[in-house]
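K.L.:
Protein chains in written order, with the working numbering: chain A, 1 to 500; chain B, 1 to 317; chain C, 1 to 292; chain D, 1 to 336.
Keep in mind that the hints were calculated from the coordinates and are not lab data. From a predicted model like this one, the values you see are computed outputs, not experimental measurements. Keep in mind that a hint or two might mislead.
Unchecked claim - The calculated DMTMM-like cross-link candidates involving lysine to aspartate or glutamate, where the alpha carbons are at most 25 Å apart (straight line), are:
{"id": "1", "chain 1": "C", "residue 1": "Lys213", "chain 2": "D", "residue 2": "Asp158"}
{"id": "2", "chain 1": "D", "residue 1": "Lys40", "chain 2": "C", "residue 2": "Glu258"}
{"id": "3", "chain 1": "C", "residue 1": "Lys187", "chain 2": "D", "residue 2": "Glu38"}
{"id": "4", "chain 1": "C", "residue 1": "Lys187", "chain 2": "D", "residue 2": "Glu33"}
{"id": "5", "chain 1": "D", "residue 1": "Lys40", "chain 2": "C", "residue 2": "Glu216"}
{"id": "6", "chain 1": "C", "residue 1": "Lys213", "chain 2": "D", "residue 2": "Glu33"}
{"id": "7", "chain 1": "B", "residue 1": "Lys5", "chain 2": "A", "residue 2": "Asp116"}
{"id": "8", "chain 1": "A", "residue 1": "Lys110", "chain 2": "A", "residue 2": "Asp130"}
{"id": "9", "chain 1": "B", "residue 1": "Lys5", "chain 2": "A", "residue 2": "Asp134"}
{"id": "10", "chain 1": "C", "residue 1": "Lys152", "chain 2": "B", "residue 2": "Glu145"}
{"id": "11", "chain 1": "C", "residue 1": "Lys213", "chain 2": "D", "residue 2": "Asp41"}
{"id": "12", "chain 1": "C", "residue 1": "Lys263", "chain 2": "C", "residue 2": "Glu27"}
{"id": "13", "chain 1": "C", "residue 1": "Lys23", "chain 2": "C", "residue 2": "Asp235"}
{"id": "14", "chain 1": "C", "residue 1": "Lys187", "chain 2": "D", "residue 2": "Asp41"}
{"id": "15", "chain 1": "D", "residue 1": "Lys40", "chain 2": "C", "residue 2": "Asp217"}
{"id": "16", "chain 1": "C", "residue 1": "Lys145", "chain 2": "C", "residue 2": "Glu11"}
{"id": "17", "chain 1": "C", "residue 1": "Lys231", "chain 2": "D", "residue 2": "Asp158"}
{"id": "18", "chain 1": "C", "residue 1": "Lys23", "chain 2": "B", "residue 2": "Glu286"}
{"id": "19", "chain 1": "C", "residue 1": "Lys158", "chain 2": "C", "residue 2": "Glu216"}
{"id": "20", "chain 1": "C", "residue 1": "Lys264", "chain 2": "C", "residue 2": "Glu25"}
{"id": "21", "chain 1": "C", "residue 1": "Lys187", "chain 2": "D", "residue 2": "Asp50"}
{"id": "22", "chain 1": "C", "residue 1": "Lys78", "chain 2": "B", "residue 2": "Asp160"}
{"id": "23", "chain 1": "C", "residue 1": "Lys213", "chain 2": "D", "residue 2": "Glu98"}
{"id": "24", "chain 1": "B", "residue 1": "Lys5", "chain 2": "A", "residue 2": "Asp136"}
{"id": "25", "chain 1": "C", "residue 1": "Lys268", "chain 2": "B", "residue 2": "Glu138"}
{"id": "26", "chain 1": "C", "residue 1": "Lys121", "chain 2": "C", "residue 2": "Asp217"}
{"id": "27", "chain 1": "C", "residue 1": "Lys28", "chain 2": "C", "residue 2": "Glu258"}
{"id": "28", "chain 1": "C", "residue 1": "Lys23", "chain 2": "C", "residue 2": "Asp227"}
{"id": "29", "chain 1": "C", "residue 1": "Lys152", "chain 2": "C", "residue 2": "Glu120"}
{"id": "30", "chain 1": "C", "residue 1": "Lys268", "chain 2": "B", "residue 2": "Asp160"}
{"id": "31", "chain 1": "B", "residue 1": "Lys5", "chain 2": "A", "residue 2": "Glu125"}
{"id": "32", "chain 1": "C", "residue 1": "Lys23", "chain 2": "B", "residue 2": "Glu28"}
{"id": "33", "chain 1": "C", "residue 1": "Lys28", "chain 2": "B", "residue 2": "Asp143"}
{"id": "34", "chain 1": "A", "residue 1": "Lys24", "chain 2": "A", "residue 2": "Asp67"}
{"id": "35", "chain 1": "C", "residue 1": "Lys78", "chain 2": "B", "residue 2": "Glu28"}
{"id": "36", "chain 1": "C", "residue 1": "Lys231", "chain 2": "D", "residue 2": "Glu38"}
{"id": "37", "chain 1": "D", "residue 1": "Lys300", "chain 2": "B", "residue 2": "Glu138"}
{"id": "38", "chain 1": "A", "residue 1": "Lys365", "chain 2": "A", "residue 2": "Asp330"}
{"id": "39", "chain 1": "D", "residue 1": "Lys300", "chain 2": "C", "residue 2": "Glu216"}
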Amino acid sequence: MSHSNPVLQLQGIHKKFPGVHALKGVDFSLRAGEIHALLGENGAGKSTLIKVMTGVYRRDGGSIRLDGQEIFPTNTGDAQALGISTVYQEVNLLPNLTVAQNIYLGREPKRWGFIDWATANRKAEDLLRDYELDIDVTQPLSSYSIAVQQLIAIARGVDISAKVLILDEPTASLDADEVQSLFRIMRSLRERGIGIVFVTHFLDQVYAVCDRITILRNAELVGEFEAATLTRQQLVGHMLGKELAALGQHKPAELDRQQRDIALTLDGVGKPGSLEPVHLSVAKGEVVGLAGLLGSGRTELCRLIFGVDKAQSGTITFNGKVVHLKSPKDAMLLGIGLCPEDRKHDGILGPLSIRENIMLAQQIKQGWWRYIPHAQQVAMAEKAVKDLSIATSDIEKPIEQLSGGNQQKVILGRWLAANPSLLILDEPTRGIDIGAHAEIIRLIRQLCAQGLSLVVASSELEELVAFSNKVVVLRDHRKVAELHGDDIHPQRIMQAIASA
Amino acid sequence: MVNRKFIPLIVTCCLFFLLFGIGAAQFEGFGSSRVFFNLLSDNAFLIIAAIGMTFVIISGGIDLSVGAVIALTGVIASVLITQYGWHPLLVFPVVLLLGTLFGATMGALIHYYRLQPFIVTLAGMFLARGLASVISEESLPIDHEFYNEVASFGFMLPGDAWVGSSTLICIAVLIAAIVLAHFTRFGVRVYAMGGDPNSAGLMGIPQAQTTIRIYALSSFLAALAGIVYSFYTFSGYSLAAVGVELDAIAAVVIGGTLLTGGYGYVAGTLIGVLIMGVVQTYISFEGTLSSWWTKIVIGLLLFAFIALQRVMSRTRH
Amino acid sequence: ITVGFSQVGSESGWRTSFSESVKAEAEKRGITLKFSDAQQKQENQIKAVRSFIAQRVDAIVIAPVVETGWQPVLMEAKRARIPVVIVDRNVSVSDQSLYLTRIAPDFELEGQKAANWLVEKTEGQCNVLELQGTVGSSAAIGRMKGFNDVLKQNPGVKIVRSQTAEFTRAKGKEVMESLLKAEGGGKNVCALWSHNDEMALGAIQAIREAGLKPGEDILVVSVDAVDDALKAIADGSINVSVELSPHLGGPAFDVIEEHRKGKKEFDKWIRMGGAVYTSENAAQELAARQAK
Amino acid sequence: MKTLLSNPASWRYVWPIVGLLLLLSINLIISPEFFHLEIKDGRVYGSLIDVMLRAAPVALLAIGMTLVIATGGVDLSVGSIMAIAGAVAAGLIAAGVESLPLIIGGGLLAGLIGGMINGALVGYLGIQPIVATLILMVAGRGIAQLINSGQIVTFNHDSFAFLGSGYFLGLPFPIILVIITFIAVQLLMRRTALGLYIESVGANASASHYLGINARAIKFSVYAIAGLCAALAGMIAAADIKGSDANNAGLWLELDAILAVVIGGASLMGGRFSLFLSVIGALIIQSLLVTIIMSGIPPKYNLLIKASAIIIILLLQSPRFQQQLSGLMFWRKRHG
Ligand SMILES: Nc1ncnc2c1ncn2[C@@H]1O[C@H](COP(=O)(O)OP(=O)(O)OP(=O)(O)O)[C@@H](O)[C@H]1O
Ligand SMILES: Nc1ncnc2c1ncn2[C@@H]1O[C@H](COP(=O)(O)OP(=O)(O)OP(=O)(O)O)[C@@H](O)[C@H]1O
Ligand SMILES: [Mg+2]
Ligand SMILES: [Mg+2]
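Please put together the full structure from these sequences, using the hints given.
P.N.:
This is the structure we're talking about:
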């Protein structure tokens, strides 16, 4: 099977943006009935290659063949008509339409020439059941969390795919269970002879499902490899162009809680309808991980601590003082920061430059009348670009032109530049490549050593285990367990999540 | 339980009847079916134009050219009928086609050159009015047997309420628009474009085609409104329907459609127009306000209404 | 009795005086007046008239925005047996019995009178700048036509430049400035013909600022004879203004009252105004108006 | 210059300025003395100065409108606020107030109140900008007429008239006022973080909220500033004709102001803004008007010409059109 002719073949693809040569003669070939990983660092050109394949961008050179025929798609609709369906990196669905409308957009079932919504809703429900989603498909998409939206986008993409399915970092905000059910579906599509392109930054996932691997680096093709014969070290070496310095895999030292000052205490903080009262304390220099399934209330908890939502019950004590957080600004002035989960909607200021996106949090802490001098802004931005290795030619570029992972790094850089004493990270490494991932973990450890406290919500159990001094498990909008020391282990966390 | 998304619509509807009730309690003759149906027939052209505007606004755009297209349609129709002796039934398809092409051109400019709808349609407004005044500065009467027949076509409801051809056309357009918005692919695409045009594109919506059709539809309906307007006045005049675009936008927004796109209902627009009509009727029954107090009172009523609408639909959430 | 009055709007001082005079007249006679301001929109006027019919008023007075478009609603009024009087601008309907009478100035005649004065004063040799009213308005069209008719017989008087200043003072000043620049500072221009006083009042400021004397270096011919214009005539900066009387309410109510008493036939056009004010009689008229 | 052009951000300054120069050069063909400037009694005269003078009210409106548009809003009421401010100033003079600061203060206060009402409706009540400002657009003109009792109130007050027709440093005073306002607002926006906050709110309201920016207060203040600018414009207009014409002052100027901002390259969806380009936009609109008047074409063609010019200027700014144009020229060179 793996030696059948390629369904999709790209040769010598070039793509230029003003000031950036994003693809330099890249080749790519996808066979029917294979899962093909497309890997590379942030900004290597993966999303761009996908957008060229599907006609979102017009290629500046090279050829694309589908079943041997050269094709010239000019928009996603053309590509879909040819049997290529895509789930793009950011959730690109329509928040104002219902879930069912999103799934069947452009393929609505008809009856006597008019759309038959009853059928569409029923089919949508059936479809989502495969992904263990039991939701009201007649509600607007915006009423669901980003992870649910991600699943809906996948369900839609899979349902459309006829020959080729392209998944650009679909697993970034999914938890382990969701990822498994996605893999199950991908494998069954492979059985049906559909070619799948899969972009991810999780190497485990690559080895779990992929047959072959194509690696990009700096807009160029590094090579195409059989997954079975490429070792992890080799893979990482190809991606980064150098060996990854061995990560300190040891666990963070158990903090001596008695000697540590407490930074934040939540006493029965909750909000009816979104979070049951929670008790929680975060010591200075401590990393508290938040674990849980989709919709367990991690994001709600983060929003409460940051004052985006107002707590209806309980007291919040910060550095020994009882505080009333009425808005994010109150929290920021205390030295709290939050990297939100939905980067596109709540994080980036698209048309503004990277520099402005980075300096803004610090500026707001200072007040509008004390404008940070330009030179200092540039210094802040350049420091962030260097520390987080953000791939950009120019800090004056609008942030919306960066690749997804680099946008995430800019948001992180924004908060690091504001010198917070407590930082809340909701899915912080979403879409970040492994090189940068290691870098960020190192950075966070370093900051903690200097006294920064962290609250990290993540669906990556490995990541939580690597970071945390303490893990809080949430289920159904309620805190169900708190794990310390040796209990911080993927198995133990899974147990806590699953126990009734 | 009613679906939550219909609450603003229901609130708006209740407020309309409240307003109407206040008028009826205060003035003799106000609470008659005649006054109610006058609202429909007097505003038929505005309803039709505002329905087109609803589609545009739901898609996240705006169309400032509708008033000018109404005027241009009237002028062309009256020139063709009166000076060239064409039969109105031949003229109507021609002007509707011209209107559609006009809108399609604006849509094409907006899509292909990434120009902002506000400005393209503003230029369209200047262009249409400019053309109208070049064709004829003077207002031209339409004198044709067919128009008399159209004017006398209709039936009487109890209470002296006349349901004429304009009212019938407007009801037909309304029903067709509701079906178009909610039971066709085009309708879903309009909402999709308003939700997030980039995502809509990435989901395979043919953006070019959809944008062009949206503006073509709006101008088509504006041309139809121009024809209905000409039934109303038996004439064509380059300065007719000045500012109708603002009335239409206000009606659409009062009817609960968001100017940022993505949300709204055609039926809401109908209520929006009726509310503005009832305010006007109220003022003309009142009959003692000077010119400036008329403006101030319209402003105040508009404000009271919108504030009430916000407060009521907020607390119910 | 109750009379419904549909007014165009309140776009100028003249219009406001007109509305005020109708209201004052109604009060004097003990008539209940239903006043409706259409804000320059014919559709609003038609709505107002239809609501008057719904209220079953005893008579309707209409000051139309435009001439055309009245047939259907006037037929409706006739069916409801409500008499209609047209004031100010004309209506063009095929059936003259739809209204009792029209009480109105004659725009063409105003244009002619203005032109005649100018031809006489300049002995048939003059380069004229024209400030038009709003493009398409019946006052602008009528005045332009009347003026040009006279000019056809006097080829020595020519309109060298013509531009709209939309009947407003600010535009009058602005457009006049540019016209003077375009005509080399106004040296070859002998007169300004303005479709109303507001534009003329703006234009004389522009003439002054260009270093010329309005009324002497450039003759100023205008229409309306509002108070400000009479003052300007008295101090010599405007030469002539043809009167457009805003006191149309009295005659209209006269007709309505006579009709109620049983009179059936009226002249279809009762002409108003048209007096020509120059430096000889402007001060007098102003004094007379202020005495009132 | 070369370093300037190599920066893509400065490219957006090019096309509006090219558009303006194009228009002005048409005037040069129509009337060669268009660019002629002369100095009489220490004052500069010439058509170019006239263009700037007449563009002053729209330029002032455009400065305020730019900020409003940057937050993703729009203000339809500025024309009516002009009328109110003019009426208040004229009313104060008619009531016998002599002191210039009092008169100007009165006008500005009226504009500020108007702007604050808009700001409160949009920022705090969350009403959509077009409708919120439509209320004041309709009612405001009524209020202005009420103050004037529907008549044109003329006045004789030399120091107030100076606002409209005075000269300062050889230039007409309205031009000086625009320059002062421009510098003041520009400093407020770019020497503090206010401009950045406004752009953030316009770029992504939700993300700004997560950053602790008080979007309500920002919106409130931009409408208030727009009200102040409109009041200033209204007083210039009144001082210019030495009278307050509540019926016509600023009529439809809100559309010109919005047009100016968009010709300057701003997006009505909010985000990036440039006050300088908006002022250029206002100059373009005014030069267009002067060109039409100078050309001597009958006024019934005015709107047609205006529409065509707008479309051409917009197309020139569109990257896609520029590509097609250069493609065409390339093709010509090869084949023609
Ligand atoms: N619309 C655009 N305009 C300008 N430059 C762009 C645009 N889109 C992408 N780029 C640039 O192209 C390069 C490749 O980006 P791309 O999004 O393909 O990266 P990626 O491999 O998908 O990275 P990630 O893992 O972070 O998603 C980046 O340098 C990016 O800044
Ligand atoms: N699998 C699901 N089925 C039904 N509803 C869900 C599901 N997952 C999430 N939701 C809804 O989405 C809402 C948002 O959840 P929230 O964002 O707080 O979750 P979370 O713990 O942060 O998880 P994640 O961020 O991984 O989605 C929940 O209140 C819930 O109503
Ligand atoms: Mg990517
Ligand atoms: Mg979450």
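K.L.:
Has the given pair, Lys23 of chain C with Asp235 of chain C, been kept, meaning a C-alpha gap of at most 25 Å?
P.N.:
violated, 32 Å
K.L.:
So if I understand the rule, the pair passes when the alpha-carbon distance is 25 Å or less; does Lys365 of chain A with Asp330 of chain A pass?
P.N.:
Given that 25 Å is the threshold and the Cα spacing comes to 10 Å, the pair holds.
K.L.:
Does Glu138 of chain B lie within 25 Å of Lys300 of chain D when you go C-alpha to C-alpha?
P.N.:
Holds, at about 11 Å.
K.L.:
Holds or violated: are the alpha carbons of Lys24 of chain A and Asp67 of chain A at most 25 Å from each other?
P.N.:
holds, 24 Å
K.L.:
Take a quick look at whether Lys40 of chain D and Asp217 of chain C sit within 25 Å of each other, Cα to Cα.
P.N.:
The given pair, whose Cα atoms are some 21 Å apart, holds under the 25 Å limit.
K.L.:
Are the Cα atoms of Lys187 of chain C and Asp41 of chain D separated by 25 Å or less?
P.N.:
Distance ~21 Å between Lys187 of chain C and Asp41 of chain D Cα, so the pair holds.
K.L.:
Holds or violated: Lys268 of chain C and Glu138 of chain B, Cα atoms, limit 25 Å.
P.N.:
Roughly 22 Å separates the two Cα atoms, so the pair holds.
K.L.:
Lys231 of chain C and Asp158 of chain D: Cα distance at most 25 Å?
P.N.:
holds, 19 Å
K.L.:
Is the straight-line distance between the alpha-carbon of Lys152 of chain C and that of Glu120 of chain C 25 Å or less?
P.N.:
holds, 14 Å
K.L.:
Regarding the pair Lys213 of chain C and Asp158 of chain D, is the alpha-carbon distance no greater than 25 Å?
P.N.:
holds, 20 Å
K.L.:
Regarding the pair Lys5 of chain B and Asp134 of chain A, is the alpha-carbon distance no greater than 25 Å?
P.N.:
holds, 21 Å
K.L.:
Given the hint that Lys23 of chain C pairs with Asp227 of chain C, does the C-alpha gap stay at or below 25 Å?
P.N.:
With Cα atoms ~20 Å apart, Lys23 of chain C and Asp227 of chain C stay inside 25 Å; holds.
Going down the numbered hints, you'll see the structure goes against 2, 10, 13, 23, 30, 33, 36 and 39, while the others check out.
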